[in-house]
Amino acid sequence: MSTSIRFLVVDDFSTMRRIIKNFLNDLGYTSIAEADDGKTALPVLKAGDVDFLITDWNMPGMPGLELLREVRGDPATKKLPVLMVTAEAKREQIVEAAQAGVNGYVVKPFTAQTLKEKIDKILASQAAG
Amino acid sequence: MPVAKFMSRYRGVLAKLNHAYAAGDEAAFDDLLGELNSARELSLRTGIAKLSQSLADALARFQLDSRIASLAGHEIPDARMRLDHVLKMTEEAAHKTLDLIEQAAPLAEATARDARLLGETLDSRSHSDIRHFLGEVQGSAEKVRANLTEVMLAQGFQDLTGQILHGIRKLIGEVESVLDELAQVSGVPLERVAKLNATDPAGPAVPGVTVNAVANQSDVDDLIAGLGI
Chain V
1 MSTSIRFLVV DDFSTMRRII KNFLNDLGYT SIAEADDGKT ALPVLKAGDV DFLITDWNMP
61 GMPGLELLRE VRGDPATKKL PVLMVTAEAK REQIVEAAQA GVNGYVVKPF TAQTLKEKID
121 KILASQAAG
Chain R
1 MPVAKFMSRY RGVLAKLNHA YAAGDEAAFD DLLGELNSAR ELSLRTGIAK LSQSLADALA
61 RFQLDSRIAS LAGHEIPDAR MRLDHVLKMT EEAAHKTLDL IEQAAPLAEA TARDARLLGE
121 TLDSRSHSDI RHFLGEVQGS AEKVRANLTE VMLAQGFQDL TGQILHGIRK LIGEVESVLD
181 ELAQVSGVPL ERVAKLNATD PAGPAVPGVT VNAVANQSDV DDLIAGLGI
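Each protein sequence line maps, in turn, to chains V and R. This note's numbering puts the first residue of the first sequence at 1, with every later residue one more than the last. This note's numbering puts the first residue of the second sequence at 1, with every later residue one more than the last.
Calculated from the structure, these hints are not laboratory results. The beta carbon of each residue, even a glycine, is placed where N, CA and C say it ideally should be. Some clues are possibly wrong.
[As the list claims (entries may be wrong)] Pulled a few chain V residues facing chain R out of the computed Cβ check, cut under 8 Å:
id, residue
1, THR15
2, ASN58
3, GLY104
4, VAL106
5, LYS108
Make a model of the complete structure from these sequences and hints.
Given below as structure tokens:
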């Protein structure tokens, strides 16, 4: 598995961005960009410098679900792997995210094992597909 | 009382009084005067009852107004600032913890690696106690490294509690503006100052809320020393 994958971590809480970034570092990934909501994430995505998007849902400005829809609506990014890492835990929300085309969904608080599993699973299915 | 009502109320009894007076009927005259008197007393009692009810209402409204003035002027802004402070403190504490984890993790990794490498340089037929010790060091350092990852993930509490507090913060802001409007409508001036005594315990000092707090322990020491203790 390539560790040169470029991640973009989007969360309005700087602590959570830092936690996910450190965790990705521990897994061997070193290219990690950050954004604090969908609006600031979009230009980074449009620039084409991202291979894997990890996003929160509940953020001021542009929430994660809207960001996901933007990503899926743009031919350049519509196949980008998107993992949602969020405190939103209602079944309807998870269904909505799935319908909007999310590749994985992790509810906070999460364990190291859960986050690793979901990332690995998405990367494996990308490699297979 | 309207004139027509006044006249109709007394017309009958005045006619009877006039009649008794003309007839020289003192007993009937006295009875009619008594009737007039009790009618007046009844209306006086009703008037007093109405007046005291209005007074009670006004007093109740005044108390409500001053409660609103205190809530809008002091207690709600105070609660908002305290909540902001909690958000800031938890964020700072989480970042400080992450700083320390980032410093400690490479140390634990290096210790585990060096213990392993050093163990490998030792002859497997000798130094069994040292090799055992190095194995222990490696195991402990790896455990410390794994625990640091768990500590790091646990800092996610700041995000989760922060989201909840942000929600409450928004609600408090809305209540604050509604109360401000209410206080303005009632015309009662806002009470910007707490009614607590300066020495009543109020919990940790909150910047912008707590008046006259010491900044640190050395302020405390200076103050205590200044008091001759």
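Self-check item: Structure versus earlier hints - violations, ascending order
Solution: 3 and 4
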